[in-house]
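The residues making up each chain are set out below.
Number of protein chains: 2
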Amino acid sequence: MTLLNVTDISSAACCAPLEREPLGADEAVALANTMKALADPTRLRLLSIVAASADGEACVCDLIEPVGLSQPTVSHHLKILTNAGFLTRSKRGTWAYYRLVPGALGRVGDVLGA
Amino acid sequence: MTLLNVTDISSAACCAPLEREPLGADEAVALANTMKALADPTRLRLLSIVAASADGEACVCDLIEPVGLSQPTVSHHLKILTNAGFLTRSKRGTWAYYRLVPGALGRVGDVLGA
DNA sequence: CAGATCTATCGAAGGCTGTCAATATCGAAT
DNA sequence: ATTCGATATTGACAGCCTTCGATAGATCTG
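Protein chains in written order, with UniProt numbering: chain A, 1 to 114; chain B, 1 to 114.
Incorrect hints may have been included.
Claimed, not checked - Taking beta-carbon pairs under 7 angstroms as the criterion, some of the chain B residues facing chain A (in silico):
id : residue
1  : L18
2  : P22
3  : K36
4  : L47
5  : A54
6  : G56
7  : V60
8  : I64
9  : L69
10 : P72
11 : G93
12 : A96
13 : V101
14 : P102
15 : L105
16 : V108
Hints listed in this document are in silico derivations from the structure and should not be mistaken for laboratory results. Note that this is a predicted model, so its numbers are computed, not measured. Virtual Cβ for every residue (Gly too), placed ideally from N, Cα, C.
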């Protein structure tokens, strides 16, 4: 399964700020994989919509219309974000609710030297 | 010329922190383009090597061996980083020196809610 | 159980990306 | 002027990504 190297969970907590010292090859790959999860307009919108949702969570059905893509595509993006450690999934009934992982985005921000 | 939507200079200063409010479609595309420039292991290493270099700058010839790729490929990545607003290029003689744009990485970090 | 609904997976199509070898460009030095 | 050295550009190729329609799985309702 190729699929954007899905399975880099929490690689966000990989290393010192970028400007401190040269990244090793492995660290660079790990950080790049994390950034790839964020390097898509739809996924960025999904994250921001989930973050702004009441109770801090949203089901797939809430996300399809705002981003204007098919349901399979939305599920696909949510899976990538979840595997990258930015979202958690919890199923209640037939609905799947997605929620931000606290601090996950912030850790990436820290590495960029904010 | 497709080439990674080269020409999104300084789109890093695009918007409020991701978790504040839903990203508009245009903002999302701009931010994603900026993130795409960072979503590659080689480019991340190039940034960190330049940052750690004496005098804060490095020429292409200094970067080829550390990343282990061909000279055209290194030039290609440097161009993407420059067009994305993370590096500046200054030519002295036959050498091209690259330098970090102060604050560029930090602004991206801020958007991620660091 | 049957039907309806919500979500995930599969398979395919098209476009984009990273990489290289070859070549062009530009400046320096003989 | 010619040659040499450092970068950038071009052209090509393999692999990956986004997207969709079709389908399967799971859960509630009647």
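Evaluated hints:
1. L18: With a closest approach of 5 angstroms, the L18/B hint holds.
2. P22: Check passed: Cβ of P22/B comes within 5 angstroms of chain A, closer than 7 angstroms.
3. K36: holds, 4 angstroms
4. L47: holds, 6 angstroms
5. A54: At about 13 angstroms, which exceeds the 7 angstroms cut-off, the nearest Cβ of chain A leaves the hint on A54/B violated.
6. G56: violated, 10 angstroms
7. V60: Status violated, d = 16 angstroms.
8. I64: violated, 14 angstroms
9. L69: violated, 11 angstroms
10. P72: violated, 20 angstroms
11. G93: For G93/B, the interface hint is violated, since the closest Cβ of chain A sits about 26 angstroms away, which is over 7 angstroms.
12. A96: violated, 20 angstroms
13. V101: violated, 12 angstroms
14. P102: Interface hint status for P102/B: violated (10 angstroms vs cutoff 7 angstroms).
15. L105: holds, 5 angstroms
16. V108: Interface hint status for V108/B: holds (5 angstroms vs cutoff 7 angstroms).
When held up to the earlier numbered hints, the structure conflicts with 5, 6, 7, 8, 9, 10, 11, 12, 13, 14 and fits the remainder.
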